[in-house]
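K.L.:
Each chain is listed here by its residues.
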Amino acid sequence: MLKCNTMLIVLLSLGFSQDRDRIYFPHDFHIEEELDCSDCHENVEESTTINDRELLPSMDEVCADCHENAVDEDSEDSDCELCHTKADNPLTYLPFISRRGPDFSHKQHLDTYDDCLVCHGSIEGDDGSEPAFVWKENDCQSCHSYQKPKSHIAGWKNEHGFSMNNFTGDNCALCHDNNTCDNCHQYQQVALQVHNSDYLSIHGFEASAGVYECSTCHSREEDCTSCHTSQNIMPMNHNFPNWVGVFLPNGGEHGSSALDAPDVCQVCHEPSNDPSCRDCH
Amino acid sequence: MTGCNLNKFDKVMRYYFLTFLVFILTILPRTGIAQSNLEVTTSVFYPRLKTFDIKSTYLSSLLNYHQSFGSFKLSTRFEYGSETSQYINPFRMYEFNVNWKHHPFSITLGRFNYWSSYANVNVDGFQAGFSTKRFGKIELIGGFKSVLDFSDTTYVQPSFFSDGVYINKILFQTSWSFYKKNKFINISYMTEGGNDTLRPLVGFASNWKMFGLIIHETIVMDLDQSELNYTRLSISKILKSHRLKFGVHQLRLNGIHPWPWVEKMDIPVTYTAGWAWSLKPQMEILQKVNFRAGTNSTVFYNSQLFYGQYYVSIIAGIRENNEVYGGTVGMAKKAGKTVKFGGNVSFNIFNYNDIIEPINASSVYGWLDWNLIEKLNIKFFGRYIVNAYYKKDGRAGVIVYVKM
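The listed protein sequences derive, respectively, from chains A and B. Convert by adding 85 to the 1-based position in the first sequence; the result is the number in the numbering used here. Counting from 1, position 129 in the second sequence corresponds to residue 116 in the numbering used here; the numbering is continuous, with no gaps.
Here chain A stands alone, though its shape is the one from the complex:
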């Protein structure tokens, strides 16, 4: 049994490790012939997704333009080895490039740079002897680690909450992971990072107007109770003479406030059990 497994592993290893057929394509020669990139990669300037299969040239439609006889199997001058490194074993050829990783719009990048060599600089001097350069996710970082998207202009750090979800094409994860968010939004903020220095004064007003969804970050009871319950700090309007009173219309302002912003009230008050509610109600 053990021998069978060993044999199987060896055979599979040999199968996977054998050299695959690939295209021998000397970019440098074709560049010297003054061919433009788009002569072979025809629709690259309009391609908006990495899943466009036409990004790689078709043998019958593109290569045949110049190498008509070589690609014609019926021709006497047919020459598969002109381009295929293992023409005698064509089944090992992988017809499609890997589509792993984030999506990529050639159009968007060419609109910005109009120069393929910004990303594909390695094809200069590519004599085809080595397998084609395989693009990796980390290679995007060579530009995007310092070159920010157009949206990241002045004030972006302050107003990115407004713009989030605005751009369906945005791929924040290309440069950012959860740690980026946590750097400002999760830690105890010894030095202020998210709010202005006056937020203690206006946070109640902002909360009752729903300016921010506070509980996105302040999801723990202690975030509110550490001041409002433990330290007994009441909102300013609780000190007003019209706030609560049996002789005031509707018992005072607190009733309508409770209807409008129950989330603000219940930071401190437990409706069914709170003495300050139960004494009158």
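A few of these clues could be false.
To be verified - Distance condition first, Cα-Cα at most 25 Å in a straight line; then the derived DSS-like pairs of lysine-lysine:
hint	chain 1	residue 1	chain 2	residue 2
1	A	Lys235	B	Lys267
2	A	Lys235	B	Lys168
3	A	Lys233	B	Lys379
4	B	Lys167	A	Lys233
5	B	Lys390	A	Lys233
Think of the hints as simulated: they come from the structure by calculation, not from any bench.
Mind docking chain B on chain A? Use the hints.
P.N.:
Showing chain B alone in chain A's frame:
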């Protein structure tokens, strides 16, 4: 410094924490076999809260370490510091997980932070994903909502597995999401603990472009109650250098919120309208109005102007007899190659009409970041507030930041 009552648990945690520190600081970076990123932040600050007459020095050390080993990635964020009003235990763990990624699979084990359209939550558990461009992403998340300073286990509750505490912390989510250019869709089934019961929720989130409009929506439905729990809709339009946005959101709290005693409450609808105008690469104007409907509806207006590293913000809020007007001026600037400094000044007036005299509130915040040598920064900061709550409150400190 406020006292830290160390019990057996803390001692054990501190021992493991220090062992871990020694290990990663001395051995791993020298192996050269893996890509690592280490940030250590030590801070000390002195608060003075006049209302409570608190005069204490607070110390805190944060360690943020990421290490990649081939397809594996270790992520950690620890803090060891003084007792605060939010964290009673000195040891806090924000993140401690191992992630394995091999396309199309990915698995994360440990304590991790999870952001989605439905929640931002720290979880002790696992996250497993299977993702292909053609079929989208299937994701499973399971575990307990984290107690960052382990206070449930050592102080507040006698035992984690008693009184239904663990039920209130259970979190399970399975979701399918699909992303294609200009289209994103997510459907999730969630089970979340709260009020000593497990509550089934189903969520739908999408982001798509139609007729030049970008539409984002999130809906969460409580299957137990057969009612909507949360809805958010925003519609945006980009017109050259202008971005317009209109949004509506409403929350019905029945479990997913910080206050365990609240069984259920309906919060009125909030409408948001915004307009951002990018005049130049370094200049932008943002106008935003929030309106929460209700018996006494609340309106809050905020206008911001950004110019390079300078900004001005103006606010105005009106609610029945209460009004607030104010503004902030802020900036950040480089002085040479090694020094950056900045801060902001705010002033607000609260007008309660005839009820009481108007109240002022003002604050100033400043910082200076000095890049001493290549991987060592020292940041000085200070804040001073005068308002009706704290009367006068001053806090200042220094942060030492090392990156390796």
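K.L.:
Decide, hint by hint, whether the structure agrees.
P.N.:
The hints, checked one at a time:
1. For the proposed pair Lys235/A and Lys267/B, the alpha carbon gap of about 11 Å is at most 25 Å, so the pair holds.
2. Taking the CA atoms of Lys235/A and Lys168/B, the gap is near 18 Å; set against the 25 Å cutoff, the hint holds.
3. For the proposed pair Lys233/A and Lys379/B, the alpha carbon gap of about 41 Å is over 25 Å, so the pair is violated.
4. At roughly 22 Å between alpha-carbon atoms, Lys167/B and Lys233/A fall within 25 Å of each other, so this suggested pair holds.
5. This hinted pair checks out: Lys390/B and Lys233/A have alpha carbons roughly 22 Å apart, not beyond 25 Å.
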